[in-house]
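Peer 1: Here is what each chain is made of, one letter per residue.
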Amino acid sequence: MSDTLNVTGLDESERAALERLIVTLADSKRLMGIRYSDWVLGAPSIETGVATSSMAQDEWGHARLLYAMLKELGLDPEPYEYDREGGRYASLAALDEAAPDWAVLVAMMTLVDGALSVVLESFAGGSFEPARTRVPKMLAEEKFHSSLGVAWYRRLADTEGEARGLLADATSAMLPSLLAWVGASDEGAQALVAAGVLEPADDRVTAFKDAVRELATSAGVDVDDVDAGTDWDSDRGRSSGRPNEEAVARARGDLNRGLLVE
Amino acid sequence: MREIVYDVFTRKDRGDQLVHIGYVDAFDDETAKVYAWRTYDEEKWFEMNVVARSAIIPVNHDEGPFAKARSTDG
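So the protein lines, in turn, are chains A and B. Final position of the first sequence in our numbering is 367; the numbers increase by one with none missing. Final position of the second sequence in our numbering is 355; the numbers increase by one with none missing.
Treat the hints as calculated values from the structure; they're not laboratory data. Yeah, the Cβ is synthetic: ideal placement off N, Cα and C, and Gly gets one too. Possibly wrong hints are sitting among the right ones.
[To be verified] Covered stretches of chain B, as calculated for chain A (at least 3 residues, CB under 8 Å):
hint, region
1, 294-303
2, 317-327
[Said to hold, decoys possible] No farther apart than 25 Å at their CA atoms in a straight line, the calculated lysine-lysine pairs in the DSS-like style are these:
hint, chain 1, residue 1, chain 2, residue 2
3, A, Lys242, B, Lys293
4, A, Lys248, B, Lys293
5, B, Lys325, B, Lys293
6, A, Lys242, B, Lys325
7, B, Lys325, A, Lys248
With these hints in hand, go ahead and build the complete structure from the sequences.
Peer 2: Written out as structure tokens, the structure is:
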């Protein structure tokens with residue numbers, strides 16, 4: 106484990122890089138929760154719906170914890186949670202649109218949640234103290250998400266019908282932007298590695314590929330043949346694009362704005 | 282999609298009796314564990330177990346849900 110990061114000693118670019126990482130993780134957790142919540146009443150079984158409901162709550166809890174880490178940088182989390190327009194959201198591109206079918210949600214459950222967990226594990230083992238103390242509990246909860254996702258992924262991949270094709274298409278569509286994010290190596294990402302906040306990009310990519318290789322292969326996709334996407338937005342630390350407006354309004358809690366008591 | 286009935290047994294505290302609290306339908310052991318943990322989360326359980334209903338051997342009843350599951354393998 107790295108030495109503890111002295112946040113007050115960070116220069117402006119290093120602080121910006123850490124802020125970008127925290128916001129990307131938090132925004133992704135919030136959007137992941139929304140995507141799960143869309144399937145609470147449309148999942149293949151009551152039990153699966155209950156599980157997606159529970160996972161949605163987990164993700165929003167994780168998002169809240171992650172946004173709160175911004176306080177360590179002297180930043181107020183509230184504007185990040187409630188006052189940004191959609192173009193400023195840094196959530197992963199694979200979450201920009203709602204899952205149109207169960208196969209896409211299963212791909213999100215395994216690949217997107219998997220990518221987030223790989224980076225969170227790296228974050229938890231790094232030099233930023235709040236991540237060391239708060240992220241392990243998130244990762245423990247994520248093990249249930251992974252168990253469910255992997256079981257469903259294998260089940261759909263084992264079919265010979267439409268479901269397998271939808272799963273393969275979703276996997277192929279998501280992997281490039283996920284590989285770009287997990288393996289980010291722009292100036293900001295390199296600053297975080299130098300500060301011991303994250304492991305080197307190659308190590309993160311290796312961990313992600315190892316985590317999803319067998320699953321992707323079961324759907325006929327070779328993760329080692331997929332190139333990382335190149336349409337990188339270094340301001341937000343994600344691929345280009347933005348989440349759809351309806352999801353952003355839900356993430357911000359627009360309908361409940363008048364009830365906000367924080 | 283064929284699903285298996287799993288019965289859920291818990292104890293709230295160490296030393297408590299193991300109690301049958303319900304069941305879930307799942308397609309394998311792993312999903313049964315997730316569904317049970319997420320569905321019956323009203324308590325902070327000390328212990329939770331799932332058992333495929335077809336694995337339960339009725340002792341003194343030859344009818345009812347356990348006997349039926351045994352005879353139909355699920």
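Peer 1: Hint by hint, say whether it matches the structure.
Peer 2: Hints, verified against the model:
With 0 residues having a Cβ less than 8 Å from any Cβ of chain A, the region 294-303 of chain B misses the three-residue criterion, and the hint is violated. Check result for the region 317-327 of chain B against chain A: holds, 4 residues qualifying (beta carbon to beta carbon below 8 Å, three or more required). With a C-alpha separation of about 21 Å, the suggested pairing of Lys242 of chain A with Lys293 of chain B holds against the 25 Å cut-off. Distance restraint check for Lys248 of chain A and Lys293 of chain B: the Cα-Cα separation of roughly 22 Å lies within the 25 Å cut-off, and the hinted pair is therefore satisfied.
For the suggested pair Lys325 of chain B and Lys293 of chain B, the alpha carbons sit about 7 Å apart, so the restraint of at most 25 Å is met. A distance of roughly 16 Å separates the Cα atoms of Lys242 of chain A and Lys325 of chain B; the hinted pair therefore holds under the 25 Å criterion. For a cut-off of 25 Å, the pair hint linking Lys325 of chain B to Lys248 of chain A stands: about 18 Å separates their Cα positions.
Checked against the numbered hints listed earlier, the structure breaks hint 1 alone; every other hint is satisfied.
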